[in-house]
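Q: Sequence:
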Amino acid sequence: MTRIGGAGELFGTNGVRGVANEELTAEMALNLGRVIGSLRKGRIAIATDARISSQMLKCAVIAGITSVGSDVIDLGVAPTPALQYYVKMRDVTGGVIVTASHNPREYNGIKFVHSDGTEFTREMDEESERVYKSKDFMLAKWNEVGQVFEDDCRRLYIDGIKSRVDQGLIAKKKFRVVIDCGNGAAVFTTPQLLKELGCEVISINAHPDGTFPQRSSEPVEENVELLKKVVKETSADLGIAHDGDADRATFVDENGNFISEDVMLALMAEYYVRSFGGKVVTPISSSKCVEDAVLRAGGEIVYTAVGSPVVVKVMKEINAVFGGEGNGGLIFPEFQLTRDGAMSAAKVLELMAKEDRPISELVKDIPRYYTLKEKMGCDNKRKLLDGLRKEFPDANFTDGARIDYDDGWILIRPSGTEPIVRIFAEATTKSRAEELIKEGMDAVRRILG
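Residue numbers for the sequence shown follow the numbering used here, so the first one is 4 and each next one is one higher.
Incorrect hints may have been included.
To be verified - Okay, the calculated beta carbon distance ranges per label pair:
#1 D389 / S238: 24 to 34 Å
#2 N260 / D407: 27 to 37 Å
#3 R299 / N260: 54 to 64 Å
To be verified - Below, computed lysine-lysine pairings styled on DSS-like, alpha-carbon distance capped at 25 Å:
#4 K175 / K235
#5 K138 / K177
#6 K319 / K376
#7 K441 / K386
#8 K231 / K177
#9 K231 / K282
#10 K441 / K291
#11 K367 / K433
#12 K376 / K441
#13 K165 / K198
#14 K386 / K376
#15 K367 / K291
#16 K138 / K44
#17 K165 / K175
#18 K235 / K291
#19 K144 / K176
#20 K319 / K291
#21 K282 / K235
#22 K198 / K175
#23 K44 / K198
#24 K198 / K144
To be clear, the hints were calculated from the coordinates, so they are not data collected in a lab.
Don't be surprised by glycine CBs; every beta carbon is placed ideally from N, CA and C.
Given these sequences and hints, build the entire structure.
A: Take a look at the structure:
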């Protein structure tokens with residue numbers, strides 16, 4: 004099983020994932036349905052992304068849920084944040100999203116959602132795993148099995164986003180926007196949202212296709228060359244790209260230049276702190292440009308371990324004004340506590356409209372750093388972490404070891420899924436970043452021998 008989380012666990016930081024019908028089978032999906040149907044007895048909403056295997060797995064999950072006596076509301080193909088918003092706003096006891104997000108097309112996943120619309124916490128996943136492993140399910144009597152109903156969450160979701168942005172101001176600007184849906188679930192929501200916000204919309208990769216024929220599902224720079232080209236050719240104001248389940252968004256400026264995910268996180272964090280004040284939550288792996296932007300706006304930065312459920316949990320605990328990860332996953336708590344690609348698009352347009360400046364000018368204000376990433380083999384994570392604690396006692400051990408300097412930082416973070424360690428280095432100059440990445444790699448070699 005390919006997992007995003009601790010080694011040996013079924014549930015990782017993003018639910019259960021694996022190659023469909025090999026590592027993640029219909030039988031597993033059936034029993035995972037029984038788990039959520041037992042733990043969240045009542046009415047459970049389910050949606051999928053556009054992957055080829057999603058319908059097969061959804062049917063198995065539905066069978067599991069109904070077999071233990073819970074009802075199912077089938078929402079069809081929808082973005083993950085649309086499913087989560089439906090769960091938050093409607094009288095349901097939980098939710099399930101069948102998606103592998105940005106993973107390659109042969110993968111799929113199953114993720115559980117709490118009754119408030121947030122992803123299951125680590126503790127909830129551990130409870131789910133115990134129930135799954137025990138297989139101690141109370142199957143319903145023949146006349147008490149759950150029923151399946153259908154509903155739509157897309158309209159509710161679009162209207163919800165519109166209620167949280169300045170529609171009139173955005174509409175006045177008549178932005179021209181290119182949206183790359185990546186042949187995923189966003190095809191049903193983001194283009195329509197942008198049209199209703201008064202934008203001229205040019206859509207690419209805008210039909211659902213689980214083979215992802217035009218690009219990989221992950222909206223990183225090397226995968227959005229077509230978006231960059233179309234933005235330039237059409238003189239658009241903004242380009243937006245989604246991953247497969249549209250909980251993330253990345254951006255291209257009016258000149259066709261890709262904007263770093265960390266820079267966009269910093270830009271929106273600063274916007275929220277200037278507007279409302281307060282705390283911003285982000286993983287320990289985020290660029291220092293985020294901290295710089297938050298502090299100069301008068302806010303406070305709070306670091307967490309890597310993973311959106313951890314970020315959301317801390318945001319909820321401290322009543323943070325904003326949060327997000329450096330991968331295009333931005334969290335707007337006044338709307339819902341989850342990464343949200345369409346909300347990100349709407350809020351970026353709102354900022355552009357309020358400032359009356361192109362996005363390229365807005366991001367120029369964000370401090371720039373040089374970031375390097377490397378990975379090395381690591382077959383003894385405990386030895387490595389113990390050695391790092393001895394060698395760098397003042398480091399931040401929130402997730403791995405982060406060593407901060409006046410002009411940069413190093414993060415040495417063992418993988419939770421592979422026998423490797425990732426080393427990140429960031430500095431104000433390229434040469435310093437190269438020095439720091441070497442220092443981090445040398446430390447790993449010394450400790451592991």
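Q: Each hint needs a verdict: does it hold in this structure or not?
A: Here is how each hint holds up against the structure:
Checked against the hint of 24 to 34 Å, the C-beta distance between D389 and S238 comes to roughly 57 Å, which is inconsistent with it. For the pair N260 and D407, the supplied restraint of 27 to 37 Å holds, since their beta-carbon distance comes to about 30 Å. Look at R299 against N260: about 24 Å separates their beta carbons, and that is not inside 54 to 64 Å. Between the alpha carbons of K175 and K235 the distance comes to roughly 22 Å, so the proposed pair stays at or under 25 Å and holds.
Annotation: proposed proximity of K138 to K177 is violated, straight-line Cα distance about 56 Å (limit 25 Å). Pair hint K319 plus K376 does not hold up; C-alpha atoms about 31 Å apart against a cutoff of 25 Å. Pair hint K441 plus K386 holds up; C-alpha atoms about 20 Å apart against a cutoff of 25 Å. Taken as a hint, the K231 and K177 pair is honoured in the structure, with Cα atoms around 20 Å apart against an allowance of 25 Å.
Of the pairs offered as hints, the one joining K231 and K282 is violated, with about 33 Å between alpha carbons and a cut-off of 25 Å exceeded. Under the criterion of a C-alpha separation no larger than 25 Å, the hint pairing K441 with K291 is consistent with the structure, at around 19 Å. Straight-line distance between C-alpha atoms of K367 and K433 comes to about 19 Å, which keeps the hinted pair within the 25 Å bound. Restraint check for K376 and K441: the C-alpha separation of about 11 Å stays at or below 25 Å, so the hint holds.
With a C-alpha separation of about 11 Å, the suggested pair K165 and K198 falls inside the 25 Å cut-off, and the hint holds. Proposed proximity of K386 and K376 is supported: the alpha carbons are some 22 Å apart, at most 25 Å. This hinted pair checks out: K367 and K291 have alpha carbons roughly 15 Å apart, not beyond 25 Å. Only pairs whose Cα atoms come within 25 Å are accepted, and K138 paired with K44 is accepted, the gap being roughly 16 Å.
Of the supplied pair hints, the one linking K165 and K175 holds, its CA atoms being roughly 15 Å apart against a limit of 25 Å. At roughly 30 Å between alpha-carbon atoms, K235 and K291 are farther apart than 25 Å, so this suggested pair is violated. Of the supplied pair hints, the one linking K144 and K176 is violated, its CA atoms being roughly 59 Å apart against a limit of 25 Å. A distance of roughly 23 Å separates the Cα atoms of K319 and K291; the hinted pair therefore holds under the 25 Å criterion.
The hinted pair formed by K282 and K235 fails the criterion: a straight-line CA distance of about 36 Å is larger than 25 Å. Pair hint K198 plus K175 holds up; C-alpha atoms about 13 Å apart against a cutoff of 25 Å. Of the supplied pair hints, the one linking K44 and K198 is violated, its CA atoms being roughly 39 Å apart against a limit of 25 Å. Proximity of K198 to K144 is assessed by CA-CA distance (about 49 Å); at most 25 Å being required, the pair is judged violated.
Checked against the numbered hints given earlier, this structure breaks hints 1, 3, 5, 6, 9, 18, 19, 21, 23 and 24; the rest are met.
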